[in-house]
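Read off the chains here:
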Amino acid sequence: AQTVTQSQPEMSVQEAETVTLSCTYDTSENNYYLFWYKQPPSRQMILVIRQEAYKQQNATENRFSVNFQKAAKSFSLKISDSQLGDTAMYFCAFMLYSGGGADGLTFGKGTHLIIQP
Amino acid sequence: NAGVTQTPKFQVLKTGQSMTLQCAQDMNHEYMSWYRQDPGMGLRLIHYSVGAGITDQGEVPNGYNVSRSTTEDFPLRLLSAAPSQTSVYFCASIPWGRGHANYGYTFGSGTRLTVV
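Taken in sequence, the protein lines are chains E and R. For the first sequence, our numbering assigns the number 152 to the initial residue and increments by one for each residue that follows. For the second sequence, our numbering assigns the number 166 to the initial residue and increments by one for each residue that follows.
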């Protein structure tokens, strides 16, 4: 079974600062994706960024980037120039895939990120 | 496209009552799934389906039933609600098949269920 660990229950930074959210995972499989989801107070689950395990290049999406260390099984999210709208719960998630397709998601417990004005 | 639609958004049940949480998607996704979200626990997989007529259990299936008669719909049934089933429930879907995994899941907006 796969496990995902987010060791920071809550973080708080000032607007415009850079913040990094940590995520580690455990698996013996080779074919998988990693995701970061954002959940604002509206509770909608919003996909922030995805990383396929066999791709060495770290994924980036505008102000969001990841540091994917496959050997260390680490998948951290960096948010640059943080904005008040980034305040939310952030979940790291793991997904296996096989020849048939995607598997279910395994989530970490989440990090509550607060951006202070 | 409406994406993934869940109804109702809020529900209060008495212990022992039954109800069905509805989930519908219009993206022709083969894979559909139900998660529950509890404080400090993240989201956990309840049941999933890879196509009409095919369902399987996830991490926390006890107390829930599912069926999949069409590609579009994947209802979640609580046969006899218990206070431990108080949670926020999410339905999510993804295209099935190699090469589609990178799309990521599309989530519904969730149902907040309270069992008293």
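Just so you know, not all the hints are guaranteed correct.
A few chain E residues that face chain R, going by a derived Cβ cut-off under 10 Å, partial list only [what the hints assert, rightly or not]:
no.	residue
1	155
2	158
3	193
4	194
5	197
6	243
7	244
8	246
9	253
10	254
11	255
12	257
13	258
14	260
To be clear, the hints were calculated from the coordinates, so they are not data collected in a lab. The C-beta atom is built at its ideal place from N, Cα and C for all residues, glycine as well.
**Message:** Interface hint check: residue 243(E), Cβ to nearest Cβ on chain R, cutoff 10 Å. Holds or violated?
**Reply:** At 9 Å from the nearest chain R Cβ, residue 243(E) passes the 10 Å test, so the hint holds.
**Request:** Under 10 Å, Cβ to Cβ, is where residue 194(E) needs to be relative to chain R, so tell me if that hint holds or is violated.
**Result:** holds (5 Å)
**Asked** Is the interface hint for residue 246(E) satisfied, with its Cβ closer than 10 Å to some Cβ of chain R?
**Response** holds (7 Å)
**Asked** Does residue 158(E) pass the interface hint, meaning its C-beta sits closer than 10 Å to a C-beta of chain R?
**Response** violated (13 Å)
**Request:** Could you check if residue 260(E) really has its C-beta closer than 10 Å to a C-beta on chain R?
**Result:** At about 5 Å, which falls below the 10 Å cut-off, the nearest Cβ of chain R leaves the hint on residue 260(E) intact, so it holds.
**Request:** Would you settle whether the hint for residue 193(E) is holds or violated, based on the nearest Cβ-Cβ distance to chain R being less than 10 Å?
**Result:** With Cβ-Cβ at 8 Å, under 10 Å, it holds.
**Asked** Does residue 197(E) pass the interface hint, meaning its C-beta sits closer than 10 Å to a C-beta of chain R?
**Response** holds (8 Å)
**Item:** Interface restraint verdict for residue 244(E) against chain R (beta-carbon cut-off 10 Å)
**Value:** This hint holds: residue 244(E) lies near chain R, its Cβ roughly 8 Å from the closest one there, short of 10 Å.
**Prompt:** Does the CB of residue 255(E) sit less than 10 Å away from some CB of chain R?
**Reply:** Hint on residue 255(E): holds, closest Cβ of chain R at ~4 Å, below 10 Å.
**Prompt:** For the hint on residue 155(E), does the least C-beta distance to chain R fall short of 10 Å?
**Reply:** holds (8 Å)
**Message:** Does the closest beta carbon of chain R sit nearer than 10 Å to the beta carbon of residue 253(E)?
**Reply:** Because about 4 Å separates residue 253(E) from the closest Cβ in chain R, which is inside the 10 Å limit, the hint holds.
**Request:** Under 10 Å, Cβ to Cβ, is where residue 257(E) needs to be relative to chain R, so tell me if that hint holds or is violated.
**Result:** holds (8 Å)
Taken one by one, the earlier hints fail for this structure only at number 2.
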